[in-house]
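Asks: Use the sequences and the hints to build the structure in full.
If you read the protein sequences in the order shown, they are chains A and B. Mapping of the first sequence onto the working numbering: position 147 corresponds to residue 147, and the numbering continues sequentially without gaps. Mapping of the second sequence onto the working numbering: position 75 corresponds to residue 338, and the numbering continues sequentially without gaps.
Calculated from the structure, these hints are not laboratory results. Cβ coordinates follow ideal geometry from the N, Cα and C atoms, glycine included. Mixed in with the good hints there might be a few duds.
[Unchecked claim] Only pairs whose alpha carbons sit at most 27 angstroms apart, straight line, appear in this in silico DSSO-like list of lysine-lysine:
#  : chain 1 : residue 1 : chain 2 : residue 2
1  : A       : Lys99     : B       : Lys393
2  : A       : Lys256    : B       : Lys348
3  : A       : Lys29     : A       : Lys99
4  : A       : Lys263    : B       : Lys410
5  : A       : Lys256    : B       : Lys496
6  : B       : Lys291    : A       : Lys263
7  : B       : Lys393    : B       : Lys496
8  : B       : Lys393    : B       : Lys410
9  : A       : Lys99     : B       : Lys291
10 : A       : Lys99     : B       : Lys410
11 : A       : Lys263    : B       : Lys496
12 : B       : Lys496    : B       : Lys289
13 : B       : Lys291    : B       : Lys490
14 : B       : Lys573    : B       : Lys393
15 : A       : Lys99     : A       : Lys26
[Claimed, not checked] Derived coverage of chain B by chain A (criterion: at least 3 residues anywhere in the stretch with Cβ under 8 angstroms from a Cβ of chain A; other residues may be distant):
#  : region
16 : 331 to 342
17 : 377 to 387
18 : 494 to 505
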Amino acid sequence: MSILLSVSISKRFWRVWQRNFTVYQKIWKISFIPPLFEPLFYLLAFGIGLGALVGKISYHGAPVSYIAFLAPALIAVNIMNNAFFENTYASFVRMYHQKTFDAMLATPLSIDEIITGEIIWGATKSVIATAIMLTVISLFGLIHYPSGLLILPLAFLGGIAFGAIGMYFTGITPTIDMFNLPIFLFVTPMFLFSGTFFPAENLPAWAQAMALIFPLTHLVTLVRALSLGSITAHLLWSVMYLVIFCLVFFPIALIKMRRRLIK
Amino acid sequence: MILIFINPRILLSDYYQDTDIYCRMKKKFGDLAAVDGINFHVNAGECFGILGPNGAGKTTTVRMVYGFSPKTAGTLKVFGLDIEKDWRSIKSRIGVCQQENSLDPDLSVEQNLLVFARYFNIPPGRAREKAQQLLQFISLDNRRGAKVTALSGGMTRRMILARPLINDPELLILDEPTTGLDPQARHQLWQRLEELKTGGLTVLLTTHYMDEASRLCDRLVIMHQGKILVEGKPADLIREHVGHNVIEVDDPAENLRAFVNSQNLECEDLGHRLIIYGQGRDDLFHEIGDRFCTGGCILRMATLEDVFLKLTGRELKE
Ligand SMILES: Nc1ncnc2c1ncn2[C@@H]1O[C@H](COP(=O)(O)OP(=O)(O)OP(=O)(O)O)[C@@H](O)[C@H]1O
Ligand SMILES: [Mg+2]
Numbered sequence: 001m002s003i004l005l006s007v008s009i010s011k012r013f014w015r016v017w018q019r020n021f022t023v024y025q026k027i028w029k030i031s032f033i034p035p036l037f038e039p040l041f042y043l044l045a046f047g048i049g050l051g052a053l054v055g056k057i058s059y060h061g062a063p064v065s066y067i068a069f070l071a072p073a074l075i076a077v078n079i080m081n082n083a084f085f086e087n088t089y090a091s092f093v094r095m096y097h098q099k100t101f102d103a104m105l106a107t108p109l110s111i112d113e114i115i116t117g118e119i120i121w122g123a124t125k126s127v128i129a130t131a132i133m134l135t136v137i138s139l140f141g142l143i144h145y146p147s148g149l150l151i152l153p154l155a156f157l158g159g160i161a162f163g164a165i166g167m168y169f170t171g172i173t174p175t176i177d178m179f180n181l182p183i184f185l186f187v188t189p190m191f192l193f194s195g196t197f198f199p200a201e202n203l204p205a206w207a208q209a210m211a212l213i214f215p216l217t218h219l220v221t222l223v224r225a226l227s228l229g230s231i232t233a234h235l236l237w238s239v240m241y242l243v244i245f246c247l248v249f250f251p252i253a254l255i256k257m258r259r260r261l262i263k
Numbered sequence: 264m265i266l267i268f269i270n271p272r273i274l275l276s277d278y279y280q281d282t283d284i285y286c287r288m289k290k291k292f293g294d295l296a297a298v299d300g301i302n303f304h305v306n307a308g309e310c311f312g313i314l315g316p317n318g319a320g321k322t323t324t325v326r327m328v329y330g331f332s333p334k335t336a337g338t339l340k341v342f343g344l345d346i347e348k349d350w351r352s353i354k355s356r357i358g359v360c361q362q363e364n365s366l367d368p369d370l371s372v373e374q375n376l377l378v379f380a381r382y383f384n385i386p387p388g389r390a391r392e393k394a395q396q397l398l399q400f401i402s403l404d405n406r407r408g409a410k411v412t413a414l415s416g417g418m419t420r421r422m423i424l425a426r427p428l429i430n431d432p433e434l435l436i437l438d439e440p441t442t443g444l445d446p447q448a449r450h451q452l453w454q455r456l457e458e459l460k461t462g463g464l465t466v467l468l469t470t471h472y473m474d475e476a477s478r479l480c481d482r483l484v485i486m487h488q489g490k491i492l493v494e495g496k497p498a499d500l501i502r503e504h505v506g507h508n509v510i511e512v513d514d515p516a517e518n519l520r521a522f523v524n525s526q527n528l529e530c531e532d533l534g535h536r537l538i539i540y541g542q543g544r545d546d547l548f549h550e551i552g553d554r555f556c557t558g559g560c561i562l563r564m565a566t567l568e569d570v571f572l573k574l575t576g577r578e579l580k581e
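Replies: Below, the structure written as structure tokens:
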């Protein structure tokens with residue numbers, strides 16, 4: 001019982017992070033491709049194709065081009081996807097199919113350290129992808145500096161938030177196919193309605209209120225503000241929301257994974 | 264009424280002072296008692312076997328010993344320490360081969376050892392040295408860069424044996440280390456294990472291969488349905504439970520059955536085959552052979568397998 005109740009996290013969780021990083025180093029060339037090309041595809045299709053139709057969008061009263069409006073949202077979506085998919089599909093494969101966690105549990109690593117290492121790794125992947133995307137998008141002159149640099153630590157925070165909730169789903173999902181459900185019910189609506197492709201203010205009032213529950217809405221708000229260099233005190237609410245989201249889902253993910261792994 | 268209080272902790276601690284494992288425990292999964300009150304100890308430097316048919320509770324037992332599963336009740340000491348409190352220091356002193364292959368398929372042969380060494384906080388230089396030694400030990404140093412998924416079954420098993428040695432453990436726990444191997448690969452693995460034993464390593468081994476247990480184990484228990492049936496040295500168990508020799512008769516005649524009954528011989532009747540435990544009577548084989556046998560009738564040495572089948576029954580257990 002004492003194993004169940006007390007949290008045991010030492011800095012050994014880095015060993016788990018390092019394991020994933022070692023694997024990443026073998027495949028980094030392939031891992032670099034999506035964040036490099038995805039923004040290009042999106043900017044081409046939506047920014048230039050759709051942007052011609054949309055024209056300018058009003059952002060805090062000032063007009064901005066559709067492509068400048070869209071680019072930060074693409075970064076935010078990528079932060080979400082990298083951490084969420086790492087801590088769902090990839091973590092599930094390691095846990096269930098590869099028995100990687102079982103092997104770790106025969107060494108001086110605790111379950112809490114394994115899960116923490118996995119979530120921090122997911123967040124790290126978000127940061128890496130963000131750095132690449134940021135570079136590409138900056139070439140189009142769409143990122144305001146120096147405020148744009150703050151997007152990197154923000155990617156880490158967002159990565160932990162989405163990694164933690166992803167790990168929570170890993171803790172409760174019976175089979176890997178069942179991840180379709182949280183993706184359909186959670187990730188897809190967020191992708192569409194978090195102020196990503198159009199301002200959330202265009203939604204009816206009730207839907208706007210709903211969108212405020214989505215962590216992605218807050219992440220998009222923050223990345224957009226940093227990209228466009230319009231920083232206001234109001235943004236602190238969004239930061240706080242993400243921090244609280246982490247503080248809630250991180251322990252829940254630990255509890256669910258302990259339940260799942262302790263036999 | 265007079266009550267005498269003796270602190271059981273003091274007695275216990277005397278007992279497990281120089282044992283590597285002392286255990287007296289239970290494990291339930293819901294209503295199922297997978298380990299139903301077992302009691303054994305393993306001395307330092309000895310190879311201790313847990314034998315049992317499928318589902319006997321072997322894996323459940325060793326998982327509790329290495330702190331993977333919490334026990335439901337009882338006492339469990341490893342190196343005299345409590346697994347619930349001192350799990351980290353215990354785990355850093357043991358090596359575990361799990362029943363299922365848990366080698367890391369994302370990593371190469373050598374990386375599997377190096378990454379595992381990091382989990383034990385072994386410095387990189389020392390880890391590389393040790394990995395090199397181990398790869399030589401299991402004759403895989405020419406495959407260091409191979410993916411572990413590209414190894415044959417025997418090579419994989421050797422890797423599974425090598426990986427938990429990376430931290431120079433004092434106690435090695437092996438859960439069915441040779442299941443699914445061909446005879447050559449098994450003998451190779453046994454040889455490695457014997458070398459390790461000679462080096463003073465304590466070994467806790469589960470198996471359902473009797474020849475493996477006879478060859479490797481100094482002492483063993485036979486488990487069945489979560490309980491320990493017998494404990495002892497392999498040779499002693501054979502002597503006690505079946506004697507020196509076993510007579511097997513194919514298609515036994517009725518008058519042989521009558522003879523066996525009249526002589527009060529211990530036997531097992533499988534219908535088309537009768538197994539008679541000699542219990543030290545050397546003349547018995549000739550008597551039976553001359554008087555009752557027309558077809559196949561053989562005399563052979565009793566083995567641990569006879570003990571095992573006698574105690575756990577011959578029908579399929581699960
Ligand atoms: N996680 C679990 N949840 C529920 N029941 C379990 C669990 N693990 C094992 N059991 C049950 O406990 C019993 C003992 O299983 P265990 O795996 O210890 O057997 P074993 O002796 O190792 O068998 P084998 O030789 O097949 O490996 C079995 O009836 C099994 O179904
Ligand atoms: Mg087993």
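Asks: Now, for every hint given, state plainly whether the structure supports it.
Replies: Hints, one by one, checked against the model:
1. Lys99/A x Lys393/B: 24 angstroms, holds
2. Lys256/A x Lys348/B: Holds: lysine 256/A and lysine 348/B sit about 22 angstroms apart, inside 27 angstroms.
3. Lys29/A x Lys99/A: 26 angstroms, holds
4. Lys263/A x Lys410/B: Distance ~30 angstroms between lysine 263/A and lysine 410/B Cα, so the pair is violated.
5. Lys256/A x Lys496/B: Distance of about 44 angstroms is beyond 27 angstroms: violated.
6. Lys291/B x Lys263/A: 10 angstroms, holds
7. Lys393/B x Lys496/B: 34 angstroms, violated
8. Lys393/B x Lys410/B: 19 angstroms, holds
9. Lys99/A x Lys291/B: Given that 27 angstroms is the threshold and the Cα spacing comes to 23 angstroms, the pair holds.
10. Lys99/A x Lys410/B: Holds: lysine 99/A and lysine 410/B sit about 16 angstroms apart, inside 27 angstroms.
11. Lys263/A x Lys496/B: The hint is violated at about 32 angstroms.
12. Lys496/B x Lys289/B: 24 angstroms, holds
13. Lys291/B x Lys490/B: With Cα atoms ~13 angstroms apart, lysine 291/B and lysine 490/B stay inside 27 angstroms; holds.
14. Lys573/B x Lys393/B: 45 angstroms, violated
15. Lys99/A x Lys26/A: Holds. Lysine 99/A to lysine 26/A sits at ~20 angstroms (cutoff 27 angstroms).
16. 331 to 342: holds (count 3)
17. 377 to 387: holds (count 6)
18. 494 to 505: With 0 residues in contact (Cβ-Cβ under 8 angstroms with chain A), the coverage given for the region 494 to 505 of chain B is violated.
Of the numbered hints stated above, those contradicted by the structure are hints 4, 5, 7, 11, 14, 18, listed in ascending order.
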